[in-house]
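So the protein lines, in turn, are chains D and C. So the first sequence is residues 7 to 198, counted in our numbering. So the second sequence is residues 533 to 839, counted in our numbering.
Quick caveat, the hints were computed from the structure, so don't treat them as lab data. Every residue gets a Cβ at the ideal spot worked out from N, C-alpha and C, and that includes glycine. Do not take every clue at face value.
Unchecked claim - Covered by chain D, according to a simulated footprint, are these stretches of chain C (three or more residues, beta-carbon under 8 Å): (1) 576-582; (2) 690-702; (3) 744-752; (4) 792-802.
What the hints assert, rightly or not - Some but not every residue of chain C turned toward chain D, in silico, with C-beta under 10 Å: (5) Val591; (6) Tyr737; (7) Gly816.
One-letter residues, chain by chain:
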Amino acid sequence: MSATLTAGFADPALDAQRCFRAVLEAMARPGRVQRIAAGPEAPPPLGPAAATVLLTLADADTPVWLDAGPQAAAWLRFHAGCPIVAAPGEAGFALACGAPPPLHDLAPGSEEEPQRSATLILQVAFLAEEGGWRLTGPGIEHEHRLRVDGAPPGFAADWAGNRALFPRGIDLILCAGDRLAALPRTTRLEIG
Amino acid sequence: MSATQTRSAEGAAAAGGEHRSRGPAGPDAGYNFGYLDENTKRMIRRALLKAVAIPGHQVPFGSREMPLPYGWGTGGIQVTAAVIGPDDTLKVIDQGADDTTNAVSIRRFFARVTGVETTERTAEATIIQTRHRIPETPLHEGQVLVYQVPMPEPLFRLEPSVTETRRMHALADYSLMHVKLYEDIVRHGHIATSYNYPVMVNGRYLMSPSPIPAFDNPKMHRMPALQLFGAGREKRIYAVPPWTEVRSLDFEDHPFEPVRADAACALCGSRESYLDEVVTDDRGGRMFVCSDTDYCHTRQARREAAE
Ligand SMILES: [Zn+2]
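For reference, chain C alone in the conformation it holds in the complex (with noise of 0.2 Å):
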């Protein structure tokens, strides 16, 4: 269902079933609010301006060690840790799941570093902090969705140098994308990418929406909330306003269509969610359940209060 799970950093074990809950006494005397530095918290807001006011471009920014290792979201954790304050309710989810390791160290990393009340409940957080997918349920104005990017660079396969990415960018010149997905269609009838699709914001920037299913593409475009993209390795920034216009990139005869398996989730019965296969036991049993967990069991719970 999610992704293999490395050793926490934080040594926090997976703990599922808490769905709110406040750092235990305010921040850790020990951390600056936030954990950063003012001089970093500042460089960050400032990329973050910038990035704001120009939607989709990278902007580069002075990436700091994490106690996290690269691959946990460090981009994304400061990027959060930029952003957060005390009157702030923190979600995060790895791959739709809040009870993953990788989740649940992020969010205790942030309840100890800042004593801000989490929540695993989509519609009472401000700012979500996610891998890979975004939620099932709409986010509204008050809320900022932080993307943890491992690849900010839509380009990167296509272009290995840097400085010619960049001069495509400068002069909106994305025909070698183009050229992909069109010879992905030449081969395959259809555009064979089912994650990490490329999107136009604003009519202007590739951008790369991290590697959400082509699936959630959609739901970035007019977002009603704010949307902000940290790469930690790669040290860069992005963001899209709310509201602004983002298209996946298709063609006239072949329109963007995004996919999802043909089933119900098997715990909620959604027909509308994003599923997971799931092997249930050793003799090869399968079943496809939603891969936002709070969507999945606010369903659930909606079910048996009906019966």
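Same shape as in the complex, but just chain D (with noise of 0.2 Å):
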């Protein structure tokens, strides 16, 4: 391994199901905040639950576009073996670490393949349980609440547009530091 690479998982195995598990439990319950545990050294301004969710879930079968830099794409294209794309358009997981492309630019499947869309990876300052956007939808009793600081301006209606493509449509991972949350493309977001 290059002297310039830092470690990967420590259990590839065990590690990944941990993290798949909180993503699927993330997906399936919108909003709800997740920790990741122990996650790779992965170099900046990856965090922690962004580079566990990439390694969890990219391989050689799914592109990747990042915007957080050369160091982090090696990182990646090392440990995860995925294809790096330049344009978001073309890949299957989008990761955001500044502004992110807008939602449309990205793939929505098509009416009778909606799965073969895009994840967008949407690294954020901060996220909690409380306040903040009110989401209701598939996964969720009656509502539920969650603070995203740092998410782009104009969010709320970029994400009503990609609302409305249902059944196709992008699915949104948001990462803060160690934790994720998700919004599956059901999700109804109402600023609070």
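Both chains are given apart, each in its own frame, so use the hints to dock them into the complex.
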């Protein structure tokens, strides 16, 4: 391994299982915040949750677009073996540490194959289950609240446009430090 | 009572009475955790996440050969293998029973390749893999219900072309199924479908609930647990997120009605549970007993304790 590359998973099978279960729980219960146990040492600006999610889900079959710089791209290519693409529209997973591409620039899948859509992993400053967005839809008994610090301006309108595409659409995984939450395309979002 | 069992691929004999046990000494070192390799798990996990994001939509996946033959729940087993972790407690039922050869084999398989705890108690399980039933005990938020699905396509008897059914799902054009159910009513005076009764998920996708009795359909509606479906031979995965609307198809003047035998369980007295008719001797003696063995045992134990 090159000296500039930090380590990946300590125990690939168990680390990936734990992270997947957190992402599955997050996607099944939109707005519930999950914590990732000790993650890999990823180069900045890649945080522990975003890095762990990518190592858990990305591989040679999933083109990844990211804005995290060459070091993070090299780390990901080495540990996940995924192709890195230049256009967000070609990505299975898009990782945004800064301002994300507009949702309509990502692949939404087709009416017949809506599963062939991108998942946006958006790194934000902070996530908590109080105040902020009001979420309703599948996976939510009544309403979940999710506070997201550092979401891009105009995101709620962009998300409403995405939701209107159903069954096509982008699914979102929000990451902040070791925390993550998800919004599948079915989630209705109102600003709190 | 339960479906006829063929020989066990694991060489496991049916063994009742084990309520809770741990794999002998953690997972067998000869296997990757959960048996499947990491590439396969990742592929299944990605399919599962998309399935949860599009409730009721069938997501294709690259189904793998498993050490159990098709018809033994290889789809459910692959889903469970992609989800399960060392902290899980697994329950496996076959038509409601924990002690059939099929259920015992699958439970032993996971004990061997993961070392997880197994249980027969519905309330203690974090993952329940099932063939053809939903437990009577209401499921809760911390649980995942994994269904073994022989045929995921609800329209397959009405439209054999996969290209056509895919187009119908894309357009949410389910008139074929409505016509079929309406013909049932004209012919029999009621909808003559007592199991594998089609449902609409979140008002959008027509979905096969797998061959559970129609009696179980209402349990799928706004269930607090996550429901995952795996069809191994047909290579499809689908899901119903918690708290999601699941409606059995019906007509205003012929509303859906879950049916059960009009009897009490001969063992525990339940008048609420789904019953199997069991032949008791070779002179034609019969009785009705709960199909859910854990539910029935729990009620019998409570009754004995009260006496
Ligand atoms: Zn009973």
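Checked hints:
Only residues whose beta carbon comes within less than 8 Å of a beta carbon in chain D count, and the stretch 576-582 of chain C has 6; three or more means the coverage holds. Requiring three or more residues with a Cβ within less than 8 Å of a Cβ of chain D, the coverage given for the stretch 690-702 of chain C holds, as 4 such residues are present. Under the rule that three or more residues need a Cβ within less than 8 Å of chain D, the assignment of the stretch 744-752 of chain C is violated, with 0 such residues. Requiring three or more residues with a Cβ within less than 8 Å of a Cβ of chain D, the coverage given for the stretch 792-802 of chain C is violated, as only 0 such residues are present.
Because the smallest distance between the Cβ of C/Val591 and any Cβ of chain D comes to about 5 Å, under 10 Å, the interface hint for this residue holds. Residue-level restraint check for C/Tyr737 holds (minimum Cβ-Cβ distance to chain D is 8 Å; threshold 10 Å). At a threshold of 10 Å, the smallest CB-CB gap from C/Gly816 to chain D is about 48 Å, leaving the interface hint violated.
Going down the numbered hints, you'll see the structure goes against 3, 4, 7, while the others check out.
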